[in-house]
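*Asks:* Sequence:
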Amino acid sequence: MEDRTPISKKSGLPPGTLVHIGKKRVEKIKITTIDYTLDTYNENEYQNISDCFPLKNSPSTSWINIEGIHNTELIESLGNHFGHHPLLMEDIVNTLSRPKLEEYDDYLFLNLKMLGISKDQKSIFSEQVSLILGKNYVISFQEQSGNIFDSIRIRIKESKGNIRKRKADYLFYRLIDAVVDHYFFIIEHLSEKIEKLESIILKKQTSDNLRQIQELKTQLIEIRKVISPLREAVGLLQKDEVKLIHKNILQYFRNVYQNLIQVSESIDIYREMTKNLMDLYQSGINNRMNQVMQVLTVIATIFIPLTFIVGIYGMNFDYMPELRWKFGYFFIWGIMILVVFFMLFYFKRKKWF
Numbered sequence: 001m002e003d004r005t006p007i008s009k010k011s012g013l014p015p016g017t018l019v020h021i022g023k024k025r026v027e028k029i030k031i032t033t034i035d036y037t038l039d040t041y042n043e044n045e046y047q048n049i050s051d052c053f054p055l056k057n058s059p060s061t062s063w064i065n066i067e068g069i070h071n072t073e074l075i076e077s078l079g080n081h082f083g084h085h086p087l088l089m090e091d092i093v094n095t096l097s098r099p100k101l102e103e104y105d106d107y108l109f110l111n112l113k114m115l116g117i118s119k120d121q122k123s124i125f126s127e128q129v130s131l132i133l134g135k136n137y138v139i140s141f142q143e144q145s146g147n148i149f150d151s152i153r154i155r156i157k158e159s160k161g162n163i164r165k166r167k168a169d170y171l172f173y174r175l176i177d178a179v180v181d182h183y184f185f186i187i188e189h190l191s192e193k194i195e196k197l198e199s200i201i202l203k204k205q206t207s208d209n210l211r212q213i214q215e216l217k218t219q220l221i222e223i224r225k226v227i228s229p230l231r232e233a234v235g236l237l238q239k240d241e242v243k244l245i246h247k248n249i250l251q252y253f254r255n256v257y258q259n260l261i262q263v264s265e266s267i268d269i270y271r272e273m274t275k276n277l278m279d280l281y282q283s284g285i286n287n288r289m290n291q292v293m294q295v296l297t298v299i300a301t302i303f304i305p306l307t308f309i310v311g312i313y314g315m316n317f318d319y320m321p322e323l324r325w326k327f328g329y330f331f332i333w334g335i336m337i338l339v340v341f342f343m344l345f346y347f348k349r350k351k352w353f
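Be aware that the sequence shown starts at 1, since it is given in the numbering used here, and climbs by one per residue.
Because the hints were derived from the structure by calculation, they are not lab data. Careful: at least some of the hints might be erroneous.
[Said to hold, decoys possible] Between beta-carbon pairs, the in silico distance windows are:
1. Q47 with Q282: 53 to 63 Å
2. Q294 with I261: 41 to 51 Å
3. Q47 with G161: 28 to 38 Å
4. E272 with N57: 44 to 54 Å
5. Q262 with L96: 39 to 49 Å
6. Q294 with Q144: 54 to 64 Å
7. T206 with K160: 46 to 56 Å
8. G311 with I221: 55 to 65 Å
9. D51 with R153: 11 to 21 Å
10. H189 with R155: 22 to 32 Å
11. Q47 with F185: 27 to 37 Å
12. T206 with Q47: 17 to 27 Å
13. W352 with D181: 28 to 38 Å
The C-beta atom is built at its ideal place from N, Cα and C for all residues, glycine as well.
Could you put the whole structure together from the sequences, leaning on the hints where they help?
*Replies:* Set out below in structure tokens:
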């Protein structure tokens with residue numbers, strides 16, 4: 001059974017009360033920081049959250065990453081020091097929160113979902129990622145350890161590209177972009193799954209096919225719930241209205257927005273393809289049933305004249321011409337066999353089977 005805190009635990013509590021809702025994915029919370037300028041780089045791992053507090057007013061760009069969000073005291077301590085709203089912190093520890101964007105006076109909060117594929121390649125799971133953008137810092141919260149941000153860490157460390165030349169708003173964009181880019185792997189996985197399932201259904205229709213179609217429909221609905229609100233949130237970011245994001249960075253968010261539109265359109269296409277799979281499955285079942293009914297109809301039609309002949313000679317009249325004939329039995333059998341072959345020839349010529 002999963003170690004999951006039910007949402008009912010929050011019932012009756014005042015707004016802003018921190019209660020972790022969701023599965024506890026790590027035993028120990030990991031706190032890492034990267035502090036950098038164009039010429040300097042410092043990476044650390046801390047045991048106490050208070051060690052990160054000086055980074056709030058650091059003149060360099062700071063990235064604080066927290067893996068594991070079940071420790072509400074740690075989240076609350078960090079939020080209180082950085083001046084984050086209690087409702088914001090409540091959304092961080094609630095993994096059922098809807099993706100959304102909230103702008104405050106001196107910081108920006110974005111809640112989104114990171115999607116992944118299970119090891120058996122059969123299911124898709126989601127993990128909540130929360131990002132806070134300040135004037136010179138970014139704080140990221142992940143449910144568990146992962147490698148989706150590793151490429152960004154390497155580029156910062158090795159000073160590749162523009163990331164060390166830019167400020168915290170560009171780092172904020174790169175983290176969002178890494179999550180959104182990963183959606184395309186999910187889309188590609190679903191595309192391959194649909195094509196493979198279509199080829200299988202064309203050959204044979206089984207109850208397992210129907211189960212897979214239903215699973216696909218469910219997965220697409222869940223992904224749409226993730227993509228649609230995030231697209232709305234990034235749509236607000238790409239407009240020239242967020243004071244913490246420099247105008248030169250807006251074009252990058254426009255690119256993320258276009259990617260989300262592309263993912264959303266792909267999801268809509270795959271939903272239609274899934275409906276077509278269901279129609280294809282149903283058509284296959286109907287065709288197979290029609291073939292069975294066709295065979296049964298041919299058999300029944302063949303036996304109609306045979307039943308008629310047997311019925312005639314099954315009547316108990318004393319004076320029937322062939323009853324006392326020496327070859328009457330074989331004669332009737334010959335007639336019935338000829339009738340069968342004639343009808344089979346006729347059906348074949350008419351292409352009825």
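*Asks:* Hint by hint, note whether the structure agrees.
*Replies:* Cross-check of the supplied hints:
no.	hint	verdict
1	Q47 with Q282: 53 to 63 Å	holds (59 Å)
2	Q294 with I261: 41 to 51 Å	holds (49 Å)
3	Q47 with G161: 28 to 38 Å	holds (32 Å)
4	E272 with N57: 44 to 54 Å	holds (52 Å)
5	Q262 with L96: 39 to 49 Å	violated (27 Å)
6	Q294 with Q144: 54 to 64 Å	holds (57 Å)
7	T206 with K160: 46 to 56 Å	holds (50 Å)
8	G311 with I221: 55 to 65 Å	holds (60 Å)
9	D51 with R153: 11 to 21 Å	holds (19 Å)
10	H189 with R155: 22 to 32 Å	holds (26 Å)
11	Q47 with F185: 27 to 37 Å	holds (34 Å)
12	T206 with Q47: 17 to 27 Å	violated (54 Å)
13	W352 with D181: 28 to 38 Å	violated (57 Å)
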